[in-house]
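*Asks:* Whole structure, please, built from the sequences with the hints as guidance.
Respectively, the protein sequence lines represent chains A and B.
Sequential numbering from 1 applies to the first sequence in our numbering.
Sequential numbering from 1001 applies to the second sequence in our numbering.
You can trust all of the hints, since none of them are fake.
Derived pair list, reagent style DSS-like, types lysine-lysine, alpha-carbon separation capped at 30 Å:
hint, chain 1, residue 1, chain 2, residue 2
1, B, 1280, A, 207
2, B, 1207, A, 280
3, A, 178, A, 326
4, A, 229, B, 1280
5, B, 1184, B, 1207
6, B, 1091, A, 184
7, A, 270, A, 91
8, A, 178, A, 291
9, A, 184, A, 280
10, A, 207, B, 1207
11, B, 1291, B, 1270
12, A, 207, A, 184
13, A, 229, B, 1184
14, A, 91, B, 1207
15, B, 1332, B, 1355
16, A, 280, B, 1184
From the structure, some residues in chain B lie toward chain A, with a derived Cβ separation under 8 Å:
hint, residue
17, 1025
18, 1029
19, 1139
20, 1150
21, 1164
22, 1185
23, 1192
24, 1198
FYI, nobody ran anything at the bench for these hints, they're computed from the structure.
Every residue, glycine too, gets a C-beta built ideally from N, C-alpha and C.
Chain by chain, the residues:
2 protein chains.
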Amino acid sequence: MEERTIQVNHCSTRKEKPKSDQLQFGRIFTDHMFVMDFTDPLGWHDARIVPYQPLTIDPSAMIFHYGQSVFEGLKAYLSPDGDAQLFRPEKNLQRLNQSNERLCIPQINEEFALGAIKKLVELEKDWIPGSEGTSLYIRPFIISTEPYLGVAPSRRYKFIVILSPVGAYYKEGINPVKIAVENKYVRAVSGGTGEAKTGGNYASSLKAQEMVAGSGYAQVLWLDGVERKYIEEVGSMNVFFKINGEVITPVLNGSILEGVTRNSVLQLLKHWEIPVTERKISMEELRQANKDGLLEEAFGTGTAAVISPIGQLTWNGQHIYINDGKTGEIAKRLYDTMTGIQYGMLEDPFNWIEKVKEKSNSVF
Amino acid sequence: MEERTIQVNHCSTRKEKPKSDQLQFGRIFTDHMFVMDFTDPLGWHDARIVPYQPLTIDPSAMIFHYGQSVFEGLKAYLSPDGDAQLFRPEKNLQRLNQSNERLCIPQINEEFALGAIKKLVELEKDWIPGSEGTSLYIRPFIISTEPYLGVAPSRRYKFIVILSPVGAYYKEGINPVKIAVENKYVRAVSGGTGEAKTGGNYASSLKAQEMVAGSGYAQVLWLDGVERKYIEEVGSMNVFFKINGEVITPVLNGSILEGVTRNSVLQLLKHWEIPVTERKISMEELRQANKDGLLEEAFGTGTAAVISPIGQLTWNGQHIYINDGKTGEIAKRLYDTMTGIQYGMLEDPFNWIEKVKEKSNSVF
Ligand SMILES: Cc1ncc(COP(=O)(O)O)c(C=O)c1O
Ligand SMILES: Cc1ncc(COP(=O)(O)O)c(C=O)c1O
Chain A
1 MEERTIQVNH CSTRKEKPKS DQLQFGRIFT DHMFVMDFTD PLGWHDARIV
51 PYQPLTIDPS AMIFHYGQSV FEGLKAYLSP DGDAQLFRPE KNLQRLNQSN
101 ERLCIPQINE EFALGAIKKL VELEKDWIPG SEGTSLYIRP FIISTEPYLG
151 VAPSRRYKFI VILSPVGAYY KEGINPVKIA VENKYVRAVS GGTGEAKTGG
201 NYASSLKAQE MVAGSGYAQV LWLDGVERKY IEEVGSMNVF FKINGEVITP
251 VLNGSILEGV TRNSVLQLLK HWEIPVTERK ISMEELRQAN KDGLLEEAFG
301 TGTAAVISPI GQLTWNGQHI YINDGKTGEI AKRLYDTMTG IQYGMLEDPF
351 NWIEKVKEKS NSVF
Chain B
1001 MEERTIQVNH CSTRKEKPKS DQLQFGRIFT DHMFVMDFTD PLGWHDARIV
1051 PYQPLTIDPS AMIFHYGQSV FEGLKAYLSP DGDAQLFRPE KNLQRLNQSN
1101 ERLCIPQINE EFALGAIKKL VELEKDWIPG SEGTSLYIRP FIISTEPYLG
1151 VAPSRRYKFI VILSPVGAYY KEGINPVKIA VENKYVRAVS GGTGEAKTGG
1201 NYASSLKAQE MVAGSGYAQV LWLDGVERKY IEEVGSMNVF FKINGEVITP
1251 VLNGSILEGV TRNSVLQLLK HWEIPVTERK ISMEELRQAN KDGLLEEAFG
1301 TGTAAVISPI GQLTWNGQHI YINDGKTGEI AKRLYDTMTG IQYGMLEDPF
1351 NWIEKVKEKS NSVF
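*Replies:* Structure below.
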């Protein structure tokens, strides 16, 4: 049973908003949040927008012990005409339900959740920062709250959405990063939870990140857990390589996350008639291509950075330098097009933009 | 900096205690809990025993998003002379720190934590149920509480210990179970977090458990994530097989948990001069041994059940029946010896028992 209305409980005082140029990622949250509860057999119910506040949860709640949780990440952008807009939010909600399926968490109604997100963003519209490259980060997540120490799917959950104004990812122009190829630790393996967006995948990634962070590497590049040969993805980005005119990205194999940005990049490249292939690609192939002078570009794709050019990959102590450490042509074109669409500066030929206002008022 | 004293804040009313014969696992908690905080740069501080109560945590706390957490599980037993006693608790605290290391969580002082557990158990001694096979389950756990959405080790944590009176695992005598060998899903892979006791490992295991639970299987037996051939462990137990007079258990390979019970069983078997080997063992080898009439026993080992005989293994639709579905001789002898030591009915030749009272009063 699902309640179709959302109660709104406004907060009495509003927090001060941070200055656009002082924004960091994920440290400041807006005045309100969306919450919905699941209990068995009632289902999802009691959808509400309430003042942003701490959660009160029993210490025996499953989330604290067995990590049964999923999350999503997307952004609201301010368009030139002052509208708040989302980028392909339905993809995030579909992925949330796919993650739910893997983690034995009950499905949510995607349409209803999208309405809830829009309603919350509309209420917090003043929190969307206005300057270039800034946005309002949207974090929907589900946690298991049954107070029970048995290893079994929880019979109680909370679905919560919180919002955080975030600064420009590139403060001084888009800038290639150094990435370390990870040989010791493994993020995910086929049959595991790699294709779901669940806490455990990120907890297990911390160690490798910590090991290389000191040496100036932005993130690690994960290899497959079976042969330790094939390229999977970067910490929170999918990866693309341009080799001899062809763009290649690792095929979805069950252990990497299907990024919304990855999917959009594939569509754009096909639209531009640039040859693009999803397939297995090994580090050895990459090393050889570089040696032969055929590795033309490398970049990551994800909601945070949109496109993040890779200027250097380090593997077993060998450095692979890409495109003289400069941003490649395709990376630049993709970045400009994607952000142009997201901020409403360019046409939206694929209908990727979802305005926050249009429908939200009519649904409730 | 670590505070060496533990403040105690007693609750005003005590809850009613459940009847010994109505106890379940992990659903009822005692009157008090132990809490200690970590902040950077202060370290672990503010160690306290407080009334059992909900936690108040920001919705952006890392535990809700990136699963950075670890836990342990051990038990307090009542001896015939009315003393509360623990079984090798220092092993659990060592393992907690090993899990901390893998999950980038700061180390705890094991001796201090053991003192805290003893103090809490002593305070809640009336909660240790008295009838046969019952005990007080002790759940230490650490959660990351920094309110920050970045994927990085948290700079704030809570270490908490809660207690739950639990009933006898075997209400009608020790009883062999049916186990399904899992081919599709993988619990852990070398390079991952399998040897740590962290939430994500359990979250990822739910799906496979759910799939077989309906068909009468108690748990799944996990195979290695690389070749899908070698036996790893069961849901919350390590496994042992007796083949042609020799006891075999999978060697610690980085992806299975080193059980305290497993370690104790190895010691007992060696003490008894029963041949025992830690090595890789494949499902195919097991199937062949069974076919040749050489598979004499199979059992799981873990804190909850101590020893759990396996009467049937199902792999790719083939059923392997073991010892006519009866409890094997070695399983029985191990169970009787281990529980005899745990409940103070048998001598303790290995110094496994730690009395709760002796030292706890002098330390604080
Ligand atoms: C592991 C992982 N891979 C890839 C991505 C990129 O996905 P998206 O483009 O949907 O942000 C993310 C970020 O969400 C991620 O966490
Ligand atoms: C995955 C896993 N393996 C094995 C065990 C057995 O360990 P122990 O004997 O320390 O209880 C447990 C339970 O703690 C477990 O969770």
